[in-house]
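Using the sequences and the accompanying hints, generate a full structural model.
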Amino acid sequence: MKNHDFRAQLHWLPCCEHWSQQIKDIENEEDDARAWLLFVALANTQLDFVQLNRVDRMLARRFGTNPPAGLATVPVRLAVVGSSTLGHLFPAIRLAGLRRGLWVTIYEGEYGQYVHELADPASDLYDFKPTAVLIALDAYHATRGLGASSSLAEADQAVDEMIDTLAGCWRSARHAKIDIIQQTILPSLPAVLGANEHRLPGSRARMVRKLNNRLREAADAEGVDLLAVDTVAADKGIRTWHDPTLWLRAKQDVSPLVSPTYGDLVGRLLAARQGRSFKCLVLDLDNTLWGGVIGDDGLDGIVIGQGSAMGEAFLDLQSYALALAKRGIILAVCSKNDEDNALAPFERHPDMLLRRSDIACFVANWDDKPSNIRRISQELNIGVDSIVFVDDNPFERNLVRAELPMVAVPEISEDPAFVVQAIADAGYFEGVTVTEEDRERTEQYQANAQRAKLHEQATDLSSYLASLEMQLSWKHFDDLGLSRITQLINKTNQFNLTTRRYSEEQVRALIGDANAVTLQLRLRDRFGDNGIIGILIGKLDGEDLVIDTWLMSCRVLKRRVEEASLLLLAEAARAKGAKRLIGDYIPTAKNGMVKDHYPRLGFGELESDAGGTRWAVALDDVRVEDVPMIFVKEL
Amino acid sequence: MNEAALYEKLNDMFRDFFSDDSISLQADTTANDIQGWDSLNHLNLLIAIESEFGFRFQTSEIERLTNVGDLVAAIQKKVEV
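For the record, the sequence lines run as chains D and L. Residue numbers for the first sequence, in our numbering: 1 to 635. Residue numbers for the second sequence, in our numbering: 1001 to 1081.
FYI, nobody ran anything at the bench for these hints, they're computed from the structure. Keep in mind that a hint or two might mislead.
A few chain L residues facing chain D, derived, Cβ under 10 Å [what the hints assert, rightly or not]:
no., residue
1, D1021
2, S1022
3, I1034
4, S1039
5, L1040
6, L1043
7, G1054
8, F1055
Just so we're clear, the structure is a prediction, and the values are computed from it rather than from any experiment. Glycine included, C-beta positions come from ideal geometry on N, C-alpha and C.
What follows is the structure in structure tokens.
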């Protein structure tokens, strides 16, 4: 078997074994929906930029400018603006979208005209109606305000001016409610002084470094996401990213050879903004989380811990998994083992970093892994397509890929030293914000498991719910909750009546809107705080309050929170003078569970067409029997 | 690599690059004969060739290429040395 080359483009994807055949299969597939799946599968193999080009053209020939019908994701319209040649990167960006089931349409800005295009509401850029803009500047352009003999004051001023220019661009885009991705500056310029380049005020290389530092502060302050090509190029080698001859020949700042990686970096940010980053890391045990086989080698025979290179390599993976868990990624175990054997290291091995309490769902048995991964997704109430599965065994990896193509299964080296690198480079868990709820996620899933146990003990549902001692606290949208509210709006797929996605800017605009009713709901019970679990947005239309958005976290299903929420909404609607509630159900591939949400709550059907169903209930007719929780208005 | 094998390899690359399985390269094939072979794609194509064969064209060499025959000759010079 070929050694795993972690320097290759997209090295975490399996090699494309049957390129010509797969191309033919797609050409011959008559059904569009099936062709789309074949495209997605092909995009999830390791393709170079020529192959990406080809698939991109086939995609355009097949579907033209419109996404195939019935896609579960929101189409992305991306405007790419900058100061160098960028078109050679577009196929890789579109294919990175395809890899995640996203349809990406790209508008290319006029060469070097980004300031004017973003400032002018009548420009072609705004005419394109982008949902996101990527601003990609090269080092030559970004440092053009600097002279070789500039003083320190002049150099500082050049940095300030560039940052001000960009901040102006961001504000224009934000005003138009467009998500913004700012590329950091690729540090392509040679040093003039050397290792102590920072002591030369007129150095353009120094200015690039300064700009990149300032960009990070400014982007955080302005709610802009960064495409950090500077750190990636530092990791992979700046000379593979930027080739001076290509810059001279074609003004390409980023080499086409690395476009597969570049495109994926963009694609994962776009996916993260749609809440489509992966959520759960499922780990195999033997020879993945420790060396050896616990069932054969026993507790004192497995390799884990300080003192040997192998033991430390496994420890590195555990430590990385733990760090992921701390920022909100759910950890699970899927192992072919007797459960007692599998649990022993977590409970009794002194060198294990991961403990049983870090694992939200622990499955060890002799069933096949695809079935067990499905089980994990059900127990945790998350989509199978939000799972990343790491296993050292190529047989298991291929089996899971074949049975569950929507699960991400990284190709990993047999050497455990490179496993963390593969997971990190793949960017599965790309995040754009860190909320308090993220940090507490594992505890919340743990508490859920405890609730399930209590449920088994309680004899009937109502006494079970009463025993939970639930407390539903609510408030209108506010600045504090903004990032979590936006996150939920963009990532909730199942319990989501309309699946409307809004940017943070759009959500912020609702806070002061007198015609809008907004609610953020938090649920606590005797096992802990579930965090913000429900978001409702209503818009006043005469005497009707139209429910624009109603979504809830699946963690709190079957606990009558829906009815409790209806009471709160009805009260807020009355306060605005409304007489009736109108609710829409817009079906997607994922929200079938709420098809009967409104009739269950006593709404009557108003109208129905292919786009969805509209329901209504007079506020006087809202009836909810005693809900098993107390209400608290949060300040 | 002999000339026939080189043509075959290039033909495969061109077919992928221009997404056109009807391409059949001859020595006198020029950019006018292949849809999509514009100046930017020309440069990207050369990068793909450089990467595939593991050498670099010099900037001056690129400017002298007028048809596929020139390209093949340039590659042969690099690969055989």
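Tested hints:
A distance limit of 10 Å between C-beta atoms decides the matter here; for D1021 of chain L the minimum to chain D is near 9 Å, and the interface restraint holds. A distance limit of 10 Å between C-beta atoms decides the matter here; for S1022 of chain L the minimum to chain D is near 13 Å, and the interface restraint is violated. At a threshold of 10 Å, the smallest CB-CB gap from I1034 of chain L to chain D is about 13 Å, leaving the interface hint violated. Restraint check, S1039 of chain L versus chain D: the minimum CB separation of about 8 Å is within 10 Å; hint holds.
Interface restraint check for L1040 of chain L: the shortest CB-CB distance to chain D comes to about 6 Å, inside 10 Å, so the restraint holds. A distance limit of 10 Å between C-beta atoms decides the matter here; for L1043 of chain L the minimum to chain D is near 5 Å, and the interface restraint holds. With 10 Å as the threshold, the beta carbon of G1054 of chain L stays out of range of chain D, its nearest partner Cβ sitting at about 12 Å, so the hint is violated. Of the supplied interface hints, the one on F1055 of chain L is violated, with its beta-carbon coming no nearer than about 12 Å to a beta-carbon of chain D, more than 10 Å.
Violation of the numbered hints given earlier is confined to hints 2, 3, 7, 8; the remaining hints are satisfied by the structure.
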